[in-house]
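Protein chains in written order, with this note's numbering: chain Y, 1 to 361; chain X, 362 to 994.
Don't take every hint at face value.
[As the list claims (entries may be wrong)] Label-pair distances were calculated between CB atoms; the ranges are:
| id | chain 1 | residue 1 | chain 2 | residue 2 | range |
| --- | --- | --- | --- | --- | --- |
| 1 | X | Asn714 | Y | Pro82 | 52 to 62 Å |
| 2 | X | Glu420 | Y | Pro82 | 25 to 35 Å |
| 3 | X | Asp675 | Y | Leu156 | 37 to 47 Å |
| 4 | X | Phe659 | Y | Leu156 | 51 to 61 Å |
| 5 | Y | Leu156 | X | Ile374 | 30 to 40 Å |
| 6 | X | Asp675 | Y | Asp117 | 37 to 47 Å |
| 7 | Y | Gly101 | X | Leu883 | 47 to 57 Å |
| 8 | X | Thr921 | Y | Lys358 | 40 to 50 Å |
| 9 | X | Gly368 | Y | Ala30 | 50 to 60 Å |
| 10 | Y | Thr134 | X | Ala391 | 35 to 45 Å |
| 11 | X | Glu425 | Y | Val34 | 42 to 52 Å |
| 12 | X | Leu373 | Y | Thr41 | 53 to 63 Å |
| 13 | X | Ser743 | Y | Val34 | 27 to 37 Å |
| 14 | Y | Met36 | X | Leu883 | 23 to 33 Å |
[What the hints assert, rightly or not] Computed footprint of chain Y on chain X, listed as stretches where at least three residues anywhere in the stretch have a Cβ under 8 Å from a Cβ of chain Y:
| id | region |
| --- | --- |
| 15 | 656-669 |
| 16 | 749-761 |
| 17 | 812-821 |
| 18 | 860-870 |
| 19 | 903-916 |
[Stated by the list, open to error] Here are some, though not all, of the chain X residues that point toward chain Y, as calculated from beta-carbon distances under 8 Å:
| id | residue |
| --- | --- |
| 20 | Pro467 |
| 21 | Gln469 |
| 22 | Ala470 |
| 23 | Leu474 |
| 24 | Ser874 |
| 25 | Leu876 |
| 26 | Thr880 |
Since the hints were derived computationally from the structure, they do not count as laboratory data.
As the structure is a prediction and not an experimental result, all values here were calculated from the model.
The beta-carbon is built from N, C-alpha and C at its ideal position, and this holds for glycine as well.
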Amino acid sequence: MKGSLATWGNRLHSGEKTYPIVAQRKRWFAISGVLMAFSVTILVTLGFNLGIDFTGGSQYVVANVEDVSTAPAEDAVAAVAPGEQPRVTQLGENDIRVQVGFLEPDEQLELTEALADAYGVPTEDISFDQIGPTWGAQVGQAALQGLVIFLLLVFLVITLYFRAWRMAVAAIVALIHDLLFTAGIYALTGFEVTPATVIGFLTILGYSLYDTVVVFDKVRENTANLQTQNRYTYAELANLAVNQTLVRSINTSVVALLPVASILFIGTWLLGAGTLLDIALALFVGMAVGTYSSIFVATPLEVALRGNEKAIKDHTARVLAARESGEADVAVNTDGTVRVGALQPGHHQGVGSQPRRKGRQ
Amino acid sequence: MSKVTNGARRSLIWLASILVAIYGLLAVGALTGNASWTPGLALDLAGGRQIILTPVLEEGATQEIEQSDLEQAVEVIRDRVDASGVAEAEITTQGNNIVVSLPGTPDQATIDLVSQAAQLQFRPVLLVGSPSATTTESTDESSVEPTAEPTASVEGEEVTSSEPTPTPSASEVANVVTGSAATEAEPSASPSPVLLDTATDGSDDESVETTESTTPDIETTDPSSFEWLTADLTAEYQALDCLDVANLAGRPMGDPDTGHVACAQYGLEKLAMGPVELTGDDLETASSGPQVNAAGSFTGDYEVRLQFDSDGADKFGEVTTRLVSLEEPRNQFAIILDGVVISHPTVQVRITNGEASITGAFTQEEAEQLANQLKFGALPLSLEVQSNQQISATLGADQLQKGLIAGAIGILLVAAYSLFQYRALGFVTIASLLIAGATTFGIISLLSWGLGYRLSLAGVAGLIVAIGITADSFIVYFERIRDELREGRSLRSAVDHAWKRARRTILVSDAVSLLAAVTLYLLAVGGVRGFAFTLGLTTVIDVIVVFLFTHPVMVLLARTTFFGDGHRLSGLDPRQLGRDTMYKGRGRVVRSEGPTLAERKAAERKAAAGGETDADADDASAEGTGEKKESAR
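Isolated chain Y, as found in the complex (with noise of 0.2 Å):
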């Protein structure tokens, strides 16, 4: 089991192998600051490639057909309506996608069954969706909505259950870090959005969440007897949290991965874009990214502004006092930081050890 992920995070609990990932806070927010700028840049300059939902038209999708080239579907669509400029994709094995503009309703039967006819299907293996132009503004407005309403009641939430408003500032700040990041990898990659899209933004709300404050339950317990100790600062026991539940996040972070993965890998190679694959993809993106966010910014940005907290500047220089003083009760590391490591009871050390009584025979 040498080299397992177990022995390893042994390792972390124990506090022999630190990663400084609070120490270096600066460097992480300035990789965090540099993506963020670059996705708003990217989000304003090239925009979602939005899905017929969003912009409103006609959307058939043929199953099962034989032949999976585009011409047919072409040709019936010049056929009925003339005017439009298909947009003709195959969707995973056989299945076709058509999509037009906004056709009149007997257009719409007419092409229904122009479609029928030039693959050969029954006219019910025929699906198609027809969105008006404001359905999209709706949905977005509405998720927008929803969004803003549970920023609020996370923050409320969280602030009464970790007793400080400073955590949920930091966890929102991660949680609007993952969301912006997400959108920005979308309007990077042109993926498609549509309303599955933003059910998956709008869950990655809640696994991002979910993440965060399992580390803060942590830094939380780390820090619960802070000021009746003078060994290690607040930032030092937060960073010993992150390590502590770095195998967790790991772990955690596989497992709520891997069935998206596999609804990713059967979306790709079976069904083509749909719910599943769009809900999917943004969730894949956005898990990763919360993943990241929960350990690289929202515990060094809870330490950044805790820090500030009168309490625990306090504190922190107590420490540092000590420390210079040579009086810390601490053990250091050969490099000559301070090592933070869980704090470990005693253990019986046997009768050998129970003193003495001199001079008795």
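Starting from the known structure of chain Y, fit chain X onto it as the hints suggest.
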């Protein structure tokens, strides 16, 4: 055994009884033929048509669309769809939208029916009769002859039991209209009805075939005159069967300038009426409340108050002036919503100030319902089609199948990873996941039976994603146990301590997830809801499973030799977790052979740097691994 294990057993028994209850209930449902073992599928999986409509007010309208109007619109659409004979249609509201789901491939006529706006009309009543179609011609022919004495023959032949009487104690139809400020009676002028914009009415002339010569002129004829009962209308009146549900909703509103026949709500009566005198445009709003008599005290009855706009008040004044002096039933006016007469109160006084109230033996609900219907009819509302989606059953089945494959692969991957990471503990994860899956499936099937919940593709996606998120809480718990083991506890006490801490973490993080799901469910539109629902449901089930299965099982397993002694494959081997010694209780300490972690490290460092004793000593003490010999008290 101890209290702890008893508690654990009790939890497991609880879980078992919950599962038995769910599946027992489902079995009862399935055996009696009401429920099915599998959840009902939404349109995107089962195939069908989904139309999302948004009610839009005309520009310049002063009213606002309220929730009750939306519900009324749903009611109207539901009545229409039921009347058209389409089975298993689902009409719901989502935010400001109305979602109509029709199974199969409905024809264009059905779809037009759904998106058509409902209209409100006020017409003077000419005849009221029993609901069934009357085919006997001998007496009817004479009775409806416009020149005949109508009241006598109507009473004699048709209106026997259901003839409205103006006493408030009678049935719902015994409503009267009173003005809140009845002015002194002016001499009733022969009214020349100022008629309304006829273009607003989508008149379907297939049912009201206005006979060429006999149709009275709208400008000159009294709207309450029996001249409106043309031969065609009479025939139609006789043929109309109000016991047939098809006639109880979505019927054509008729040409506003001719007479019309329609059924009363619930098919209790049928009515023949004169031309339209007022429409919903003339009505400002309507409300309901307890009736107050002149002395200002409550009478115990409920009334529906109508508020006309200034134009409507003038017209209504003319109508009531004319009707108040007429005989039964011509002193009534019919209020028609969406082709059905929702009320036909008798006019008792002239009402010129545009504020009328309908009283009668209303219950509070009935009054509210009528007020809502009127208020809805007063809205200049049109339904805008936002999304019109037809999903073929083949495509839906395909998506479901692939979705299930994806779910199965997801479960297998998670199971494999858990076994790899947690060894035998992985089986606890797998069992917990299976239990969670069984509970979720059972509850969704039950909900689909009891509340008509339908599983959509987005819902399936939610379920698959939930696999990972559910497994997360087990990982949080297991990692906590490992942490406690690392700190030197025995497995039993590690499970105890880890549970106390992990429980809190799991609860708060699940609370956040649930918060996300509920917010999404309440605010989002379209497919987001199905997803949010399954995500929220699985979050709750996750908590149940962790509390009633995973933890109790861990408590019991901690007492087995395999786990308790930290077998190499148990996933809880203290040696793998860096604990070479483990306190076994009763003063016994188990330790493995070989140097401890700290000793090994110290040795390495000595070899490397040759004697940095200070740091090593500190390391060793910080590590605190009891290197002392095994000892017994």
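Hints the structure fails to honour: Hints 3, 4, 6, 7, 13, 15, 19, 20, 22 and 23 are the ones this structure does not satisfy, whereas the remaining hints hold.
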